[in-house]
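J.: As given, the protein sequences belong to chains A and B, one line each in that order.
If you count the first sequence from 1, position 234 lands on 227 in this note's numbering, and the numbers rise without skipping.
If you count the second sequence from 1, position 41 lands on 34 in this note's numbering, and the numbers rise without skipping.
For the record, the hints were derived by calculation from the structure and aren't laboratory data.
There's no promise every hint is true.
No copy labels: a pair is met if it fits in one copy or bridges any two.
Unchecked claim - Keeping only pairs whose Cα atoms sit at most 25 Å apart, straight-line, the calculated SDA-like set for lysine to any residue is:
1. 101 <-> 14
2. 75 <-> 61
3. 101 <-> 24
4. 101 <-> 208
5. 75 <-> 62
6. 101 <-> 237
7. 38 <-> 154
8. 38 <-> -1
9. 101 <-> 28
10. 75 <-> 63
11. 101 <-> 19
12. 27 <-> 1
13. 75 <-> 60
14. 38 <-> 104
15. 101 <-> 69
16. 101 <-> 143
17. 68 <-> 18
18. 38 <-> 94
19. 101 <-> 21
20. 101 <-> 242
21. 27 <-> 258
22. 27 <-> 101
23. 101 <-> 234
24. 75 <-> 64
25. 101 <-> 240
26. 27 <-> 152
27. 68 <-> 42
28. 68 <-> 245
There are 2 protein chains.
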Amino acid sequence: MNFIAAIQQRWVSADTMVCVGLDPYPERFPSHLKNHPDGIFEFNKAIIDATQDLVCCYKPQFAHFAALDALDSLKRTIAYIKNTYPDVPVILDSKRGDIGSTASMYAKEAFDIYQADAVTVNPYMGIDTIAPFTHYQDKGVIVLCRTSNPGAAELQNQRIDQTPLYQVVAGLAADQWNDAGNILLVVGATADEEMRQIRALTGDMPFLVPGIGAQGGDLAAVIAAGMDSTGNGLIINSSRAILYASEGADFAQAARQETELLVQACRQEQRRILANR
Amino acid sequence: MNFIAAIQQRWVSADTMVCVGLDPYPERFPSHLKNHPDGIFEFNKAIIDATQDLVCCYKPQFAHFAALDALDSLKRTIAYIKNTYPDVPVILDSKRGDIGSTASMYAKEAFDIYQADAVTVNPYMGIDTIAPFTHYQDKGVIVLCRTSNPGAAELQNQRIDQTPLYQVVAGLAADQWNDAGNILLVVGATADEEMRQIRALTGDMPFLVPGIGAQGGDLAAVIAAGMDSTGNGLIINSSRAILYASEGADFAQAARQETELLVQACRQEQRRILANR
């Protein structure tokens, strides 16, 4: 099954649009894992076991492992999810982008070495940086469109004639780059007005939505802006707010509670909007 | 010494603007290294030993190591250069870009884990993706501006009012992002007209120039367009044309010859242009 179909199935079968982002900060681990020789993997495993029925996917973030020289833990975390919970897809969040021959190497990195089901990519270098990823037709290719960070607008909201750059990217992604039908977009939760416009341009293309929680995005506004025609359409990521809900021995249980709250809040907004459609 | 000063010193002391890009393709290695247990490192070491007096820096490309699950070879290659030829700086070409907290992790990856002297970064997400890198004041931060690939113009030449996006990026990099004076730009050799305009906007900011050789850039046009006020200003990268000049046992010697030809061609153009200034 391809990535988008797997996500759509989770939206329905598990009734959740929540994605848990796996960003290890060992200084925030409970004390028994802080100096554990395999602490990063054990932390992730506990979070995954505690939340797997509540998520539509997981999203490990590459840099958080790379900065700790812990890429082996990244690989084993993804393998653990795929072996133990094969219905739950994994996004490798690494925001790659390079000339075609090099982009092919990054596609191998994501899909062959780390066995991810999807990867985030940066569109600044154009189509030849995207095509080597979309060539893997069963994989998801999640193109940065309008990101959630404070500086996002600096380039992304610059206007080409009347059209902001993020809409140019959304248009290219929907109309020109998507021959294999496996592109998704990153649209930040801090930009719900932009999200509404991107939804209008892209039909039911799924969006990966960072920026809920620590970054301050408004969940109700996001769901209202981004919901697709089927009542789903979003992969709503939360990382730190879930992972570090407790820094004590009960961290996994606290992560589950926090995830459940987010899932319930999403469902409530979805039901409310669908009832008014 | 900071990265830009180290490059400027190499331009003068070694009289070379050439950078050798380290992109391992084991299938193109000579037969004795193809199945060698440490073939990637041994190949790089031989190339480095054969060319170190002819280069202003080296540029290992991250994806080529990551796709081979050979990041340990990347780390050891950089360590080898720094220990053996400490005057020759190293650019980690990984084109990173993410929200601020994650960009900090990528800066750690490049500068702490891999011990690179400079790193390439992608500007699509704006200033908060750049600042965590420039915070390392002795390091070089090389921002993608106008890249060398065929699809580069798709976004980078889109016009904001009358100004193409790559010039917006060049202006931000020169005027707003560069408090620490450690930013450089990527300007592809396949875009010499754009390079001329970027040079006009950025004073003597150094450019990393990919696209000579396999990608087809014109050396004379590039040097004419990009030379700075001192007669240098460019880091002219060549990877495959040098690394695989011979795929036989004489590969290192052939790489040296190819590098020497490029160095001499650069010097000739520099002299010619300076004589006519």
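J.: What are the numbers of the hints that this structure violates, sorted from low to high?
T.: Result: hints 7, 12, 20, 21 and 26 break, sorted rising.
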